[in-house]
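Protein chains: 2
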Amino acid sequence: MANSIYSRRLARVRALMKKKRIDALIVPSADPHLGEYVPDHWRIIRWLTGFSGSTATVVITGGFAGLWTDSRYFIQAEDQLKNSGFQLVKLRVPHTPEHIDWLQAKIKKGNTVAVDGRLISAGNMRLLEAALSSAGAKLNLKADLITPLWQERPPMPDDKAYTLPVRFSGENRASKIKRVRAKMSEMHADYQLLTAADDVMWLLNIRGKDLRYSPLLLSFAIVSSDQVLFFADEDKIPPPMKAELDKDGVVLLPYDTVSSVISHLEEGSTLLLSPSTTSAVLYRAVPKKVKITEEVSIPTRFKAIKNSTEIKNLRQVMARDGIALTKFFYWFEKSIGRETVTELSASARLEAFRQEQEEFTGASFATIAAYNEHAALPHYVPDESTDVQIGKTGIFLLDSGGQYFGGTTDITRTITLGKPDRRMKSDFTLALKGTIDLAMVRFPYGTRGYQIEVLARKALWDNGLHYGHGTGHGVGSFLNVHEGPQTIGSALSGDLKTILEPGMLISDEPAIYRQGEYGFRTENLFFCADDGETDHGRFLKFDTVTLCYIDRELIEVSLLDDRELKWLNEYHETVFRALEDSLEPEIRKWLRDKTMPVKRIK
Amino acid sequence: MANSIYSRRLARVRALMKKKRIDALIVPSADPHLGEYVPDHWRIIRWLTGFSGSTATVVITGGFAGLWTDSRYFIQAEDQLKNSGFQLVKLRVPHTPEHIDWLQAKIKKGNTVAVDGRLISAGNMRLLEAALSSAGAKLNLKADLITPLWQERPPMPDDKAYTLPVRFSGENRASKIKRVRAKMSEMHADYQLLTAADDVMWLLNIRGKDLRYSPLLLSFAIVSSDQVLFFADEDKIPPPMKAELDKDGVVLLPYDTVSSVISHLEEGSTLLLSPSTTSAVLYRAVPKKVKITEEVSIPTRFKAIKNSTEIKNLRQVMARDGIALTKFFYWFEKSIGRETVTELSASARLEAFRQEQEEFTGASFATIAAYNEHAALPHYVPDESTDVQIGKTGIFLLDSGGQYFGGTTDITRTITLGKPDRRMKSDFTLALKGTIDLAMVRFPYGTRGYQIEVLARKALWDNGLHYGHGTGHGVGSFLNVHEGPQTIGSALSGDLKTILEPGMLISDEPAIYRQGEYGFRTENLFFCADDGETDHGRFLKFDTVTLCYIDRELIEVSLLDDRELKWLNEYHETVFRALEDSLEPEIRKWLRDKTMPVKRIK
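So the protein sequences, as listed, match chains G and W.
Residue numbers 67 to 668, in the numbering used here, belong to the letters of the first sequence in order.
Residue numbers 67 to 668, in the numbering used here, belong to the letters of the second sequence in order.
One thing to keep in mind: the hints can contain errors.
Just so you know, same-sequence chains aren't split out, so a pair can sit in one copy or run between any two.
Unchecked claim - Taking lysine-lysine and the DSS-like style, the derived pairs with C-alpha atoms no more than 27 Å apart in a straight line are: (1) K563 <-> K156; (2) K357 <-> K175; (3) K354 <-> K208; (4) K354 <-> K204; (5) K175 <-> K355; (6) K84 <-> K204; (7) K208 <-> K249; (8) K174 <-> K665; (9) K85 <-> K172; (10) K204 <-> K355; (11) K632 <-> K607; (12) K655 <-> K249; (13) K204 <-> K357; (14) K172 <-> K357; (15) K355 <-> K208.
For the record, the hints were derived by calculation from the structure and aren't laboratory data.
Since we're looking at a predicted model, the values are computed, not measured.
Working from the sequences, and respecting the hints, build out all of it.
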């Protein structure tokens, strides 16, 4: 039975490896921009192995073919890899290159390990090089073995890029370029290489349609003191945009020429790049006499801090998103038990409600619509094989987001269908305390995300509970739903030096998971904002901007302290006031009920 | 007036620099072990400049002589450097080599910068090299310009080393060496170089008297698979100890031969060392064909986790230390207003009370005895020029510690002399909440110190208050009072990977400072300990072991929540029960009163 389409593809890859004298081939799940989402054209691992998860690494040798992925995909991978010839290798730590350790142990002296150098970062290339050199093996970075074999490969989308008006971006292109140049000069850099497509979009105030969940045109840029070189598929740039760009000193060049332009950078100059988003091929293209400064890119740092237009726009977007969600949950509550609702049909319905909203362009990530035990999997996304009908009891977790011209949203709510038992209420409330306690924190300017994360965890920890993922991530402004450099998580992830700054948009999503039973997560977005000066300096706070009720049925009020209860009731009042005028009377009445103050039983 | 003894010394150094063609000389405050405390023999900066603070770096060029130190010493340095020819340069960030930035900006192409390579770490050498090479300057690591000039230099102490019996160490030398070797083999290391004297003391179960506050014999060691080479002044090793060491495969070699032995390590072998405690000279001595693995030393990691004997001993030590402190504070309360008590005389009296206790060998650091505004300086230590008489009003902060064979202590209490006002009580209590909240935390195994630190800060932050130092440090077992690798502080200090483990001894010292007025700090030590397994894994907690009352007069009970109040009252009951039998009736009665439950006013 190993005679599947995938095992045949594997055999052809191995034949090519033999011909090219490659002893081990690494196949990453990435495109040349090394972002979170990739277009179908670059979903090599799905074509090669049948595995459809978003993150994996394949390693093929003569006698072994393995797929490394993290725990959220273990069950799915076991299933999808059956008869493929590939076997699942479980990552101990998600998003780490553990396959390099495996290679280091297995590879023999004189062997050649190959990878398509466009698809691994300079950072990972260095780890790989160190491992192989200690084993006496060689690294070949020019091995694209897939293109010759992949017939009927999906082409890149040909949708045109478009300009994002200043009423959404809040700052024109010339001003952004000027600010980047000033920072470059402060950092003694002659060039800034931009490889992450969202950095390019932010800088040039354009958007594209190359990806399903992020409005990006896959492109590169190099900023110098007098030009911005913009590497993109010229067919996707409408002539008026080209003229506009031209006026701002932005020169459009063919997408494929970036490597060659880098290789001709002036001797003695200094190039700023980020080794985690710059591919090995581009990194290697830098001439020896060009000094490389490795740093998070300037646009990454700048775009994390939203300007007043972006803040104002997102507040409006949040109201629209809140209306869509309110309509959805109203429909959901009325429909369960009357019509067949499944995880997938609920997701579709939610998208339909968002479609009704102004300036909505699509989901910002694959909706997590999870019934009961599916909600215990933090990254569960329903598909035909897992979809289940939602019954009259249990819980339903919905983690979703929208892309609007005015901003990107990301929200999780969990609701109960029947009457929750004591443990469910306690679990839900302990995780909710985390959401609230983090939202309420006041902290001195200079504080980093990892310093305050425990506030989201403490109530759970006190009760011997724990969740295995981070608590908060940055969110783009009509860009990627996951954006750096700030995180509210461990200091081991993210950039250690990044402090929280007013204008940063961040998620707040503590959770609790009971394997095989259920999961609870309440996720809001907040802006970091100023909170006054004292004798001891400048203080900051968070302003929660997400607008959607939290299921009172799941709250055990005795577990909330007075400040938490006050926050909750004020939040619910804010939600109702912000949304009431846009709701028809029946739904308005329903929301009024959902947002009534929670009171202590004396 | 610049004709002081120090400006004459500066002139002689400059003359020697000229002769040796040195354009800039760096003089660090360190000895070849790069620890926190140095013997008088190595207090070069005090001899050269007159500045008596513990941490500074001097840079001398033809036209400039500066002393870099941190904010705790600004006033003292301004004063002591008058007419010395040296000027104070204020460090923006404590303990950072900002003088390197200065040098990088000032130094000219072709210049030579010199430093005694025994006195800077390999890590700082690398920073220095990078800065100088970018400026086109050379680095000379063999410049000891002080020895030829310093007449009447204090010799190294000649006190003998002694064995620490297993009833104190809890593990014999052979067992420790075996464990270190097992770990070395796991880390693929052939040699472990030990440069921090406390690492050597721990491994060999010996102690010495080279330093005032730490019972160390300044020595190096190299552990291999069959030997331990021990580099020490042979005159200080009593013959029976030498025989004992011999039996365990420990070979005594002359102190000065360590560099030469390192330079003869076997080609192809792997050497483990820590770049922050290994001097540039020793690092440079490593042959090119020896592979260096840079890591916190194995003994540093092992000794941080106290064994059951050390834990039991420290609990006994804490009772003794608590008795000394109780007697002190009783005496203090009775004496103020009746006899003249100054910061210095109070420090002396405290040491006398500790001297009465079994197995006490001396203070573990310079006592911080601070009256009123002096308490606003976190690192204030009284001397003849700052000493003040303690009056009948205000506050008194006492941060002190003792070295006992059974362990090292470190405790801070602040007491009020008159009736505290509202703000004082509020300040004291907010900082105390931090001490208590951190002590009460429950957390999953795998948590790092920087993740929980905010619990000590949150009550202050909520009220716009802040303190500028870390919250907790490791404490040695009859070794250094400040010990790594764990800290409860920012992720930027300490080792990012170090998790909190059962058996670690850590301080808990949130604080508040009102410049020019007062400061409050309540510091306890706690052990990290197991707190059971749940569905979500293994959990840990802290067990507070310091035994001394906290001044109830300063507590604003309305600011404590129920859990904090319960903790405080239980703590006070524990203190009283642990100490009562060792106190004479009058003091016992007094302590009973000090430890009565604090009650809410209904």
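Against the structure, the hints come out as follows:
no., hint, result
1, K563 <-> K156, "between (31 Å within a copy, 23 Å between copies)"
2, K357 <-> K175, "between (33 Å within a copy, 19 Å between copies)"
3, K354 <-> K208, "within (19 Å within a copy, 33 Å between copies)"
4, K354 <-> K204, "both (21 Å within a copy, 23 Å between copies)"
5, K175 <-> K355, "between (32 Å within a copy, 20 Å between copies)"
6, K84 <-> K204, "within (15 Å within a copy, 51 Å between copies)"
7, K208 <-> K249, "neither (35 Å within a copy, 40 Å between copies)"
8, K174 <-> K665, "neither (68 Å within a copy, 72 Å between copies)"
9, K85 <-> K172, "within (21 Å within a copy, 59 Å between copies)"
10, K204 <-> K355, "both (25 Å within a copy, 21 Å between copies)"
11, K632 <-> K607, "within (17 Å within a copy, 30 Å between copies)"
12, K655 <-> K249, "neither (52 Å within a copy, 67 Å between copies)"
13, K204 <-> K357, "both (26 Å within a copy, 20 Å between copies)"
14, K172 <-> K357, "between (35 Å within a copy, 22 Å between copies)"
15, K355 <-> K208, "within (23 Å within a copy, 32 Å between copies)"
Hints 7, 8 and 12, counting from the list given before, are not met by this structure.
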